[in-house]
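Engineer: Chain residues, written in single-letter form:
There are 2 protein chains.
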Amino acid sequence: MTTELKTGGQYGYLRIATEEAFATAEQIDAILRLVAEGRADKGTVSLWGFYGTSPSERTTFIRERLLDLGELRVQAMDECGIDKAVLALTSPGVQSLFDLDEARGIAARANDRLKDACERYPTRFVGMTAVCPQDPEWSAQELRRGKEELGFAGVQINSHTQGHYLDEEQFDPILRACADMDIPLYIHPQGPPDGMIGGMVEAGLEGAVFGFAMETSYHALRLLTTGVFDRYPSLKLVLGHGCEGLPFWIDRFNYMFNAGVRSQRYPRLKPLRHSLHHYLRTNVWGTNSGLPSPASIKLLMEVMGEDRVCYAMDYPYQFVPDEVRLLDAMDISHEQKVKFFQTNAEKLFGI
Amino acid sequence: MTTELKTGGQYGYLRIATEEAFATAEQIDAILRLVAEGRADKGTVSLWGFYGTSPSERTTFIRERLLDLGELRVQAMDECGIDKAVLALTSPGVQSLFDLDEARGIAARANDRLKDACERYPTRFVGMTAVCPQDPEWSAQELRRGKEELGFAGVQINSHTQGHYLDEEQFDPILRACADMDIPLYIHPQGPPDGMIGGMVEAGLEGAVFGFAMETSYHALRLLTTGVFDRYPSLKLVLGHGCEGLPFWIDRFNYMFNAGVRSQRYPRLKPLRHSLHHYLRTNVWGTNSGLPSPASIKLLMEVMGEDRVCYAMDYPYQFVPDEVRLLDAMDISHEQKVKFFQTNAEKLFGI
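Quick mapping for you: the protein sequence lines, in order, are chains A and B. Letter 36 of the first sequence, counting from 1, is numbered 35 in numbering that gives the first Met the number 0, and no numbers are missing. Letter 242 of the second sequence, counting from 1, is numbered 241 in numbering that gives the first Met the number 0, and no numbers are missing.
To be clear, the hints were calculated from the coordinates, so they are not data collected in a lab. Keep in mind that the hints are not guaranteed to be accurate.
Since copy identity is lost for identical chains, a pair holds within one copy or between any two.
[To be verified] Derived BS3-like pairs: lysine-lysine, alpha-carbon spacing no greater than 27 Å straight-line:
1) Lys-346 - Lys-336
2) Lys-114 - Lys-146
3) Lys-336 - Lys-297
4) Lys-41 - Lys-269
Keep in mind that this is a model prediction, so the values were computed, not measured.
Isolated chain A (complex conformation) (with noise of 0.2 Å):
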């Protein structure tokens, strides 16, 4: 494919990617020093003893556009034609740190520094607040900061924080901050917490290839099926590379979780005031980063209803121009494509 893609609406739609990653070079500074100190766990490991070092082309090419928030970035969405990216600092964040000053400090800094760049390319760059949950109450105070003085659109936290889960009781203020100031949460991926990475590390298998999707999307079922959209109703949360699977697998899910919630099977689940479907379609929004894939695309629109699935990249980790062109291509309706690359993102991030 070699049609040239432009911004601008080429045709008839801005492009806006939602999941786009971008880091500092104290966070990676941070969380590389914990890997030499055999502190991190697993996951971490595997993902920034990769990413951090290795001299492939690859990881190359990533650290430096990850750490790039100028004329790098912008020259890239330009070869795609992408008009807008929504950024977010990139996995694991802060959540892989126990010193939380520090933490605190490499969030709220990344956040500053996100905040000149969305000032110098106002009309590129979006931007999602860092929040560093092991500090709950902290966090709610930088969503805070994020959505009133830094004009932020969302917050992007990185599934589980230290092997813990937003449904855990202590992240409460963390949910409630989101759904009082209208802060959609993005959870995004990170490697499975020790006590689920078996031997995943040894097959190759615990990142972006399986153990992300598997992670998160537990991490989203946990919210989903606990209640925390009956506690929210108002509650917003976004999840990438294809809503995680859950629009696939929302029959299975609802049909199980219902069977154990009738014979009592585990005292942690309860009857919920609506079916699984209702939160995925009320609470839920999906975006397709790292899954360029129409028939993926389709079932989520089919399942989850058109106005919940937006378009994503995932550069720098996934950075393949003709993907754009494969879905500008999709045979799907004019409007869909509209609301898939355009209305739907502006709508959910208010932006």
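Place chain B on chain A using the hints.
Structural biologist: Coordinates of chain B only, in the frame set by chain A:
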């Protein structure tokens, strides 16, 4: 929906259900003994601690129906318009057991019992061999007996065997027997092994609701990414539950697998002869057990090809006649329904 469901080609196709479960009393007894002794893994404790002992309506029904290979089952098939059921010893088979004599004996006697049932109902029941992967050489012999003496059409292995996976070298006799004798290998789920189950039991998510799919898709991906189908190009792998999600994810699997191979990220992962798509479309079949979901079934057909997708019910764990009505009414062509309900299974299993 109230249309009466009938066997015998009600709409121009027979309905063959390809992932239907039975148990033997000594199998359940042996597993429950292991649970009582505190020697079973967490997934088995949760699964059989529940199905084996709970007084709930659901589990009482399932226990009775699992143990029956007679009129109750045929009557249930008649009620749903199921012409033939492909039957296998229920999860985890004998794979949790430590005493190999006991495990082999239970598997062999289950095979004998299933053969008797198939002889009593030759037009209704088709058998799959139960094996004891803890003893791969014995399992290879039992596969031969199953194929040549008992007339069975496949083998069911219930995912991991005490934390080990079929791509590991010690299981090669099983894969070789399947390839040499053209025996479809149906990998059925069980709970993740202790090293991967994390907090899933406490979360109520380690079973059929979620953990099963995670475990089994991991197992299948291990086979796809380690050259098993380059070694055995004729090996047939069957996966239930929407092919355990593989077709939804295949583009991401393939992209990230190849990115890892090119960067030499993992010692274990080497270049393969083909893309992962090739193996999915050449060596893998998918059934919709537990996933009576038109959107997911259509995705399977689009990604794998319509000759590789078969119907299954998952009786007695999921016994909902309206699901048959829903699938009869899917918006696919009549020819596709004939393949889905009948002829794909006939070709795959040679029945």
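Engineer: State for each hint whether it applies.
Structural biologist: Structure-based check of all given hints:
1. In this homomeric assembly, Lys-346 and Lys-336 come within 27 Å of each other (Cα to Cα) only inside a single copy, at 15 Å, whereas the closest approach across copies is 40 Å.
2. For the identical chains of this complex, Lys-114 and Lys-146 are intra-copy neighbours only, at 11 Å inside a copy versus 67 Å across copies, given an alpha-carbon limit of 27 Å.
3. Taking the closest pair of Cα atoms, Lys-336 and Lys-297 come within 27 Å of each other both inside a single copy (11 Å) and across two copies (21 Å).
4. Taking the closest pair of Cα atoms, Lys-41 and Lys-269 come within 27 Å of each other only across two copies (22 Å); inside a single copy the shortest separation is 33 Å, beyond that limit.
Comparing the model with each numbered hint stated earlier shows that all of them hold.
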